[in-house]
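Visitor: The residues making up each chain are set out below.
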Amino acid sequence: MIVDNGKRRSLVIAGVFDGECGESEGVLSFIPNLFGKPAVTARGGLLDGDPVSLSIEAAPDGRFFTAKYRRIA
Amino acid sequence: MLAHLIALGVLTVPTQPPADVGSVIAGTQRTVSPLQVPSSAAVGDNVPLGAYRWPAPMEPADRAPYAFDWSKILGTDEKIAEITRVTMSAAGAAVGVEIDSSTGRRPIISENGKAIQLWFLCLDAFQDNPVFGGNGVNITVTCRVRTDASPYKQFERTAVLTVRQQ
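Protein sequence lines correspond, in order, to chains A and B. Okay, so the first sequence: first residue is 163 according to our numbering, each after it adds one. Okay, so the second sequence: first residue is 9 according to our numbering, each after it adds one.
Don't read these hints as lab results, they were simulated from the structure. Built from N, CA and C at the ideal position, the CB exists for glycine as well. Honestly, I wouldn't trust all of these hints.
[As the list claims (entries may be wrong)] Which residues of chain A face chain B? A few of them, derived with a C-beta cut under 8 Å, are: (1) 166; (2) 167; (3) 174; (4) 187; (5) 230.
[Unchecked claim] Computed, partial: chain A to chain B, Cβ under 10 Å: (6) 165; (7) 169; (8) 182; (9) 189; (10) 201; (11) 225; (12) 228.
Isolated chain A (complex conformation):
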């Protein structure tokens, strides 16, 4: 039996979020805590200090946002 509780990772998205997000099965989840720009317009950030490109979607209830990411080499 595998119990997967995901993990928390440091995420910085300029004007959107700076803090710990959750990750499970390759998806990041966060509630924006900065208000510089709409979260869905962001295209990149720093995940654990490493630059990543992001594809962000709003959850229907408007609180959480989810993001798929790809490391920028």
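Using the hints provided, position chain B relative to the given structure of chain A.
Guide: Just chain B now, with coordinates in the frame of chain A:
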């Protein structure tokens, strides 16, 4: 060579420990019952269509059991043989909600083989998080089980847990 050593008992092959079996004590308000044909209603929060929702919300400081009752999916004589995987969503990880795997609270299969029980916990550092105020947050938990049918069947369902201050 390895096969010989295994056959002679010199080497052992690591195997998954058998699933724990015990009494499911979660009440009806903390139980979801997946159907053969799930609803196609949207639940929200990027949750799969037709996901089930535990009626009872969880207060972040609570330690209480929740259950999946698979009896409407399983055949009459069919039982759950193994809980393959239990996965907390990224949203749950973000707000410190975890599936408890401590002694006495790790996921178990009911004695009749038709249900499984999980305990959740919210890490102490997150319990006063303002996101749990008001309507709280909806997080998803996905559970995959295998049955004792031959060949085995495998089912995976997602349920929504509302976590809010009460």
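Visitor: Identify every previously stated hint that the structure contradicts and give their numbers, smallest first.
Guide: 3, 5, 10
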